[in-house]
Amino acid sequence: MPGPVPGIDSARGFQHPATPADRARALLRPRFWPSFISWLQAGPMMLVFLAFFLVPLVFVVIVSFWDYNEYQLLPAFSGRGYTDTFEGCVAKLPELCTIGRTYVKTVELCFLVWAITLFIGFWVAYFLAFHIKSKTWQMGLSLLCTIPFWTSNVIRMIAWIPLLGRNGLVNSALVDVGLIKQPVEWLLYSEFSVVLALVHLFTFFMVVPIFNSMIRIDKALIEAAYDAGASAFQTLVNVVIPLAKPGIVIGSIFVITIVMGDFVTIGVMGGQQIAAAGKIIETRLNALQFPAAAANAVILLAITFLIISMMSRIVDIRKEL
Amino acid sequence: MTETTRKALSRRTLLKGTAGLASLAAGSGIIGAPYVKSADAKVLRYLGTAVNEGDDISKQCLKDTGIKIEYITATTDDVTKRVMTQPNSFDVLDTEYFSLKKLVPSGNILALDAKKIKEFDNITPVFTKGMTPGGKKIGDQGTAPWKVLYLEGKDSKTFSKTATEFVTLIPTVYNADTLGIRPDLIKRPIESWSELLNSEFKGKASILNIPSIGIMDAAMVVEATGQHKYADKGNMTKEEIDLTMKIMTEAKKSGQFRAFWKDFNESVNLMASGETVIQSMWSPAVTKVRSMGIACTFQPLKEGYRSWASGFCVSKGVSGEKLDWAYEFVNWFLSGFAGGYLNRQGYYSAVLSTAKANMEPYEWAYWMEGKPAEKDIKAPDGSLLEKAGAVRDGGSYEDRMGGVACWNAVMDENDYMVRKWNEFIAA
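Read top to bottom, the protein sequences are chains A and B.
To convert a position in the first sequence, counted from 1, into our numbering, add 1103.
To convert a position in the second sequence, counted from 1, into our numbering, add 49.
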């Protein structure tokens, strides 16, 4: 991270001031002003970040090592939140324990949703960025993508239920057409419906950052690739995808962090029968077992962080931006 | 009179606005913002679930007593959480008896004085003796109200086995729950809890995903199948929890359950759409499905009902005139209007005599005596519930409450049970 840029500072410092006052000001300004102003600019965000993210996070970690009883937190060091969570993990081998099974399921759902949203999101963004020539249309169509966001998350999710149910629209249509004799059960309250709803909810989070990266690709580069005889596929793989990488990674981070922590969508669409990492935390909270909930939150955070850091190994976002 | 009322009203509105701003500024009461007091506005903040929180009740209360009720609505679990973490954010608490095992030791609630409750001696013996008014003995498994009704002293944290004047929760409303079924889709009589796991209903059954209540329904089922007889379903040993969850897990793995439900509306949707034909259910949910014109029965079963009950206490932060208002409010609540209102929704009120005085004789006969309805039965909001001639599922108060087998509970092994429940969901 470049701090106060030395090149510029010294250049200003060696200007020729006319008066002693000017000289003094010139000496002060480079040392003091730039860093002060940048602190001032970053300050509010930093304070918000500190107060509403870092401090609570530290509390969560601390509480996760406390003990508890039916009705209160006991501020004494205890690993109970963690040992309870991993109960039976060694004894049950090679079978997976509850927490293991939960995370395998969560990561599996997360991967599916990520892959599908990436695929759809990429092509929607590609279409918007390269096939729509007029800026007005690009704006208009992007706005069109946001229309579903005018209603709440929950409503968009619940809207699927009458469609997919045993006596829902899809099933009745299929029966009427004669494709199936009995209504299919796996359409609703299944992993299928969970993935469907999550993809529906979160594809847009993929579209925006990827579109944003693509729109900044210099069109001359694509022309150059074409002139150099690259096929459309080669251009895509060698020019567009590498340059859209930051968008892809940012979109992926959005989707992965949301899906890893989700328990509402998985609960409603999965008929409460599918385990989710977030669900465990909720159950613990509702039973007033705050330290156990905090321990599970820390575990979830660690695993999500692991996934994200693996992704940023592939792309150095800071450099790319 | 009109003049002063109007003045008072405008001042009240103003004060309310200021109070709102003040509490907003102080972080919406999260840190226990001091409530702005005013001489003429009697305001009580009422924390509870949606069961008792009717607008009609608060309006009538304001009219009769001048006390303005401000509802704070939360789910059962969140009510308990709020009492634990923000005891100053409410005045009157409306909660269930089974949560007392957590609330009382926390010291965040204040027992009320039975002597100051006018109708206390008229409270149904269901609460005080564990008997119906007709003398039927009620099942005492789980956290039955009479086990936790009294404290040993004013600030005591120990439940008293004998009657004292310190009452943990002044009873208000209760009911007996059972399985809801779709008679039009099942087409045969259902008589036992064991039918929930009958493979005939594979993929069409459901149970609720609230561990403390779901485990009780599961226990009723396990006992009905004859696989185990519990000493106390509401206080299982670890082995019993393991066994119960094992049986439920096997059922889940074989695809017995279509879904689990967590909130009232989910249970209504599952049943109304035909996704499930048999499931744990609550009385008003059955009523709601029926009001959509879909056949749904709150099926009485031979093993009995799982019951719940709730009542009032106050926050430990309440004192002085606010405490007086709280007593005034609780007394008003038991004086009949609210009781009649709740009875007409299919719940039961704690003081039967005053509720009866606030209901039409044909309503009382239908809801409480299990007689066929003489006229159309209407909900408090005027919508049609049952046509003339209908009989309430399960019959009379005596039959329903007398048939209670167990009560919602918090077990000694609650922590273990919650972990096992998570395992069940993950299976």
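Worth flagging that the hints you see were computed from the coordinates, not collected in a lab.
Just so you know, not all the hints are guaranteed correct.
[Claimed, not checked] Quick list of in silico lysine-lysine cross-link-like pairs, DSS-like style, CA-CA up to 25 Å: (1) Lys1208/A <-> Lys251/B; (2) Lys165/B <-> Lys1208/A; (3) Lys302/B <-> Lys1195/A; (4) Lys311/B <-> Lys1208/A; (5) Lys186/B <-> Lys1208/A.
Are the Cα positions of Lys186/B and Lys1208/A separated by 25 Å at most? Not satisfied, since the Cα-Cα distance of roughly 48 Å exceeds 25 Å.
Would the pair Lys302/B and Lys1195/A pass a check requiring their Cα atoms to be no farther apart than 25 Å? Distance ~19 Å between Lys302/B and Lys1195/A Cα, so the pair holds.
task: Would you check the hint for Lys165/B and Lys1208/A, treating anything up to 25 Å between C-alpha atoms as holding?
output: 56 Å, violated
(Q) Check whether the Cα positions of Lys1208/A and Lys251/B lie no farther apart than 25 Å. (A) 24 Å, holds
When you check the alpha-carbon spacing of Lys311/B and Lys1208/A, does it fall within 25 Å? Holds. Lys311/B to Lys1208/A sits at ~21 Å (cutoff 25 Å).
Of the hints listed earlier, those the structure fails to meet are numbers 2 and 5, in rising order.
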